[in-house]
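Asks: Residues per chain are reported as follows:
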Amino acid sequence: MKYSVRPQIHGLTPHVWFGSLASFAACTPLLAAAPPSVPAPARGASDFMNLSLEELGSVKVTSVSKKAERLDHAPAAITVITSEEMRRAGVLTLPDALRLAPGVQVGRVDASQSAVSIRGFNDTYSQKLLVLMDGRSIYSQLFSGVFWQSQDYLLADLDRIEVVRGPGGTLWGANAVNGVINIVSKPASETQGLLLTAGGGTDQSVLGGVRYGVQLAEHTFFRLYGKYDSWENSDLVGGGEAFDARWKAQSGFRLDSDPSETDHFTLQGDLVGLQADQLAPQITLPVFLRPPPPGGYNSVRQARWDQTEGNLLGRWTHQFSEESEFTLQAYYHRSRVDMSLLDETRDTYDVDLRHRFQLGARNEIVWGGGYRLTTPQMTQGREFTLSRLSRADEIFNAFVQDELTVVPERLRMALGSKIEHNDYTGFEVEPGARLAWTPTERQTLWGSVARAVRTPSQFEHDASGRLGVALAPPPLPPVQVVVSAAGSTAFDSEVLLAYELGYRVKLSELIALEATGFLNDYDRLRSFTPSADLTSLPNYAGMINRAGNGAGGRTYGGEFSVTFQAADWWRLQGHCSVLKADLNGPVNPLTNLPEAPFISAPEFQASLRSSMDLGRQVQFDCWLRHAGKLSIAGGSFSGLVDRGAIIPSYVTFDVRLAWRPTPNLEISLVGQNLAGSHREFIPTFVTASITEVRPSVYGRVTLSF
Amino acid sequence: MNPDTIADAPPAIPGHRTGRSVLWRWVLLGHLLLAFAAAAEESPTQLEYRVKAAYLFNFCKFINWPDNALPTPDSPLVIGVLAGGDALNVITAAMTGKAVDQHPVQVRSVTADGELPACHLLFVPRTAGRTAEEVRQAVGSAPVLLVGETDGFAERGGMLGFVHQENRIHFQLHLDRTSGAGFKVSSKLSNVARLVTATAKFKP
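Here the protein sequences come in this chain order: A and B. All the letters of the first sequence, read from the start, carry residue numbers 0 to 704 under numbering that gives the first Met the number 0. All the letters of the second sequence, read from the start, carry residue numbers 0 to 203 under numbering that gives the first Met the number 0.
If you are wondering where the hints come from, they were derived from the structure by calculation, not from laboratory data. Every residue gets a Cβ at the ideal spot worked out from N, C-alpha and C, and that includes glycine. Be a bit skeptical, because a hint or two may be false.
What the hints assert, rightly or not - Examples of chain A residues lying across from chain B (beta carbon under 7 Å, computed): (1) M48; (2) G56; (3) V58; (4) N362.
All chains should be modelled from the sequences, with the hints used to inform the complete structure.
Replies: In structure tokens:
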């Protein structure tokens, strides 16, 4: 299967091409080791006319339309997780599916939330990661992150997930700092007929889905789907049941049409409704000489997270000629989230256009631009308040990239940049340069330098709120301290300059390897600087942690993955990643010690998957995973007590057994996290319940007609 | 309850901004130099049609039209290109000043069905959007050599069709249909061609 490594707003693989390294001297004939593949004689107008028929048949012409660039030659750390892999791994949520790619840190927080990141800085809201579903950005500007709980597709309708590690700012824009995740669904023509799926398990009380696909006209296909899942309460660390059960109902459609050979239209939409139980913090402000309430100043109350979302997306692709293609995409998204902190209703309107064309023999240019308007409306919450309850934020962006074939089929380089204007920080520029060398068909060596930014979230600019109450430790007087965090309109974008190097090789038809290394240089990372506020004494002292851009530093590491076809019926896939951090931060005026941000990701992670086909009807899959220990902020925010929490390392495994008695019926049994209960993550801003991941089993039946 | 009494956040730590913009400038310069150097070359489509134009010229050399098609020794040999496009420009340039057995080669763009029978050789580019069957019916019984480049053109109604294989251009010849229309095909051509018949199944 060919993968298209092309940057697209409708989610074919990002064609992350960037230009040369500073040593453009390398592009001189010093590199002439690789013979060019065009005929040696200079090509004047009459040359071919004198050739014989046989000679004409041996003239090499380059492929005119490079529609699908082979993944093997892509100059980026890109992993494609196929629908088949997701099915065989038995994953039920998108965050779990992302564990299949190297370099991605996934930590389950509770039954609805997960922390997902690439190359560090993990947290519930996946700040430094841009995530797209069929070209629609699902990155929310509220917290700078993704509400993973509401993002989903019917597994059978998912085509693939493209995971690009490394900055994607040049083509994708702001917030694609550490990576880009592109979730792509199958076109309607590939999901025809009726499909029914039902199941349940120890963690999931119900798993159900239905899809109906039909051909409406000669070149027009349609599908409609519905899905319902409900999950039970997890376990609390230390015993007891958490309060985090949830259900989600979702429905949607997709329509694809090719009215002519040169035009393609897609229209798709989804509606999601979900509800999750959660424990919300409830802080009682101390009063001088009054005893604390029975539950203490920091208590929790039972609350509920209610979310409804809908979206409609349209896309038109037109081919002017073999060498020129144009895409226009527009979408509307509406969401309403009612969470314990506050309520938000948000409308997003987005339009993007992209044009790719060939200029001369060796240049391929992609350029485009877009506009997005997002209008959040908030209500004041309990512990948090916002200085602006409604906004109309606009983002304008334009980008251009030139991909140059220096030596045909051997050396390519690309250079590009994106310019954006947003309402928080004004203009942002994200240039990138990349070089790819393919010495033989089976190997690619590539390198890149790129800049990316993470723009501020609404919370970082407008919000302030209480996090908890703690007694001041000695040698301070025994006064109650109310710890809070506050944003600032002076909070600026975080900046990354990333250097990457990668190597990909196909050792034989049976073994393929990939290795990547990176050095990330961060600047203006978010830091919190506490200061005392004594205006509420004698009731309590305030400690306000104000957001600023005082942190920075470097992270470096690499990922390695190998695929080995051990036998016709047995495939092994393994990957591991290493991440080291050298971060610095401002001095805490209260302790006089510098406080660096947490990398919030383990130093080492590994995964090994075995897929076996036992006969023609049975499939058996095993998946072994390891994550190293993790130190994170974990809610202990005060600066008065020890910073951070440590989550120990764990090893766990999943097993899946599937039986296909007939081609259209599949029965599967999946055991997950079978090595025992373990913790995976605690978010920075408090979640009241700290849960652990426990062993679970589920079964599922899928029928197609 | 807004704790607004505290001063704003400390200023950002300055980065080595100057050094980095110099880096980008060199990278941009290097890229532009190379891009301009390469821009003078032709596009892949032009190269492809120059090869096909040479093939068309060879077809004219190795095929004889029926007697009344070229009445006088110097009547022009008309090559029609259906619906113009990129192919027309390249073929016109290639055929400038060329002649086959004293017949000067003329290249024309044809669009209306009525113009088709006036050509001796009709080339149907892929951008013309016409199938081999349609073109064949439009031509009727006039002695027009039908050449196309879409998939299966020769099998489905045409006489000669170009095929791309591993970045090289070859051609198929439907011998029965071509001889049946009154053309005499030299063995020099039929030996190099990939012969197809009407019963050959269309391969996707």
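Asks: Look at each hint and say if it fits the structure.
Replies: Against the structure, the hints come out as follows:
1. Hint status for M48 (chain A): holds, given a least beta-carbon distance of 5 Å to chain B, under 7 Å.
2. With its C-beta approaching chain B no nearer than about 5 Å, G56 (chain A) sits inside the 7 Å limit, and its interface hint holds.
3. The restraint placing V58 (chain A) at the interface with chain B holds, with a minimum CB-CB distance near 5 Å, inside the 7 Å limit.
4. A hinted interface residue such as N362 (chain A) counts as satisfied when its beta carbon comes closer than 7 Å to some beta carbon of chain B; here the least separation is about 6 Å, so the hint holds.
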